[in-house]
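**Student:** Sequence:
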Amino acid sequence: MRSRLIRQLCVASIAVLTLAISPSAPRPAALKLQPVASTGAWTQYHHDDAHTGTDTSVPTFTGVTTGWTSAAMDGEVFAEPLIFNGVVYAATLQNTVYAFRQSDGVLQCSKNVGAPQTSGWGCGNISPTGILGTPVIDTAANRIYVVAEITGTTPTYHLFGLDLANSGNVVFDTPITPTGFDWRIQQERAALSLHGGFVYVPFGGRLGDCGSYNGWVVGVPTSGTGAPNVYKTADLGSGLWGPGGLAIDDATGNVFGATGNGVAGGCATMGQNDSVVRLSPTLALQDFFAPQDWQANWCQPDQDLGSAEPVLISS
1 MRSRLIRQLC VASIAVLTLA ISPSAPRPAA LKLQPVASTG AWTQYHHDDA
51 HTGTDTSVPT FTGVTTGWTS AAMDGEVFAE PLIFNGVVYA ATLQNTVYAF
101 RQSDGVLQCS KNVGAPQTSG WGCGNISPTG ILGTPVIDTA ANRIYVVAEI
151 TGTTPTYHLF GLDLANSGNV VFDTPITPTG FDWRIQQERA ALSLHGGFVY
201 VPFGGRLGDC GSYNGWVVGV PTSGTGAPNV YKTADLGSGL WGPGGLAIDD
251 ATGNVFGATG NGVAGGCATM GQNDSVVRLS PTLALQDFFA PQDWQANWCQ
301 PDQDLGSAEP VLISS
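For the sequence shown, the residue numbers in our numbering are 1 to 315.
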């Protein structure tokens with residue numbers, strides 16, 4: 001991982017922008033409060049499973065102005081805010097999820113899922129480390145999923161599901177503890193993804209590349225039953241840390257992610273470092289791509305192909 005910090009937002013409030021619609025485009029209808037992204041919702045990082053960042057239902061616009069600014073929240077916001085059913089959701093490093101009315105920014109409710117971890121890491125530069133990665137909303141279940149680093153006698157990451165119809169009450173809580181996983185050297189920075197009854201949670205290292213970390217993806221079943229599926233990179237390092245997380249092919253359910261540099265000799269051989277990996281829905285490695293110059297120009301100088309995330313395009 002490169003010695004830099006990429007933030008989505010770095011202040012403890014959010015601003016919503018009002019679009020200036022082009023005269024040639026029809027004026028948008030009032031927001032339809034339906035659980036689908038095409039009607040104005042934004043339920044995951046960059047809108048859809050392919051991470052196109054495009055909502056084709058929005059008319060052409062020529063500029064933006066500030067529509068409203070939220071009240072101050074209890075911590076910094078690194079995760080991309082999400083929108084569903086006329087509500088804007090934002091999560092903080094203090095492990096609090098806020099719900100603001102989309103039309104005017106009035107706070108509807110907030111939910112704290114637990115005290116964030118503030119120490120004990122092998123390295124890093126973010127403290128506290130609460131909800132860092134962008135959540136994902138399950139529109140069918142009316143639930144938002146967040147990953148939070150929770151303090152306690154045995155600190156670890158938890159995947160929480162909050163009931164959006166009931167003041168954000170926690171209805172799902174699963175610790176993420178795959179065999180060989182060490183929370184002290186792994187960080188959950190990347191956005192979550194949801195597909196086929198699984199929430200996919202990517203992990204990379206912390207700033208400074210300390211310890212024998214790997215790139216991980218953990219697929220947690222939303223049913224709450226059964227063991228999670230796990231992918232772990234072959235070489236040390238190779239973190240899946242980029243903020244955008246994973247792209248998913250809706251036709252096959254295959255999962256695509258980009259990895260960073262190897263560590264502890266991880267640049268000597270190709271072990272899925274500085275690569276784009278293709279995983280099955282159960283996270284079995286199917287294939288991967290690496291630039292021809294991956295070793296000299298990517299891995300050794302710590303350029304991190306994984307600082308950018310895959311985007312799927314139609315053929």
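Misleading hints may appear alongside valid ones.
Straight line, CA to CA, 25 Å or less: simulated SDA-like cross-link-like pairs of lysine to any residue [to be verified]:
(1) Lys232 with Asp302
(2) Lys232 with Ala140
(3) Lys232 with Cys210
(4) Lys111 with Thr52
(5) Lys111 with Thr174
(6) Lys232 with Asp249
(7) Lys232 with Ala165
(8) Lys232 with Ser103
(9) Lys111 with Pro155
(10) Lys111 with Ala165
(11) Lys111 with Cys210
(12) Lys232 with His158
Don't read these hints as lab results, they were simulated from the structure.
**Student:** Does Thr174 lie within 25 Å of Lys111 when you go C-alpha to C-alpha?
**Tutor:** 17 Å, holds
**Student:** What's the verdict on Lys232 and Ala140, does the C-alpha distance respect the 25 Å limit or exceed it?
**Tutor:** Violated, because 30 Å separates the two Cα atoms, which is more than 25 Å.
**Student:** Please verify whether Lys232 and Cys210 have alpha carbons no more than 25 Å apart.
**Tutor:** 17 Å, holds
**Student:** Keeping to a limit of 25 Å between CA atoms, is the pair of Lys111 and Cys210 held or broken?
**Tutor:** With Cα atoms ~33 Å apart, Lys111 and Cys210 exceed 25 Å; violated.
**Student:** Within a Cα-Cα threshold of 25 Å, do Lys111 and Pro155 meet the stated pairing?
**Tutor:** 20 Å, holds
**Student:** Is the straight-line distance between the alpha-carbon of Lys232 and that of Asp302 25 Å or less?
**Tutor:** 20 Å, holds
**Student:** Need the status of pair Lys111, Ala165: alpha-carbon distance at most 25 Å?
**Tutor:** 13 Å, holds
**Student:** Against the 25 Å threshold, does the CA-CA distance of Lys232 and Ser103 hold or violate the hint?
**Tutor:** 42 Å, violated
**Student:** Would you check the hint for Lys232 and Asp249, treating anything up to 25 Å between C-alpha atoms as holding?
**Tutor:** 20 Å, holds
**Student:** With the threshold set at 25 Å, check whether the alpha-carbon distance from Lys232 to Ala165 stays at or below it.
**Tutor:** 35 Å, violated
**Student:** What's the verdict on Lys232 and His158, does the C-alpha distance respect the 25 Å limit or exceed it?
**Tutor:** 18 Å, holds
**Student:** Are the Cα positions of Lys111 and Thr52 separated by 25 Å at most?
**Tutor:** 30 Å, violated
Hint compliance for this structure: hints 2, 4, 7, 8, 11 are broken, all remaining hints hold.
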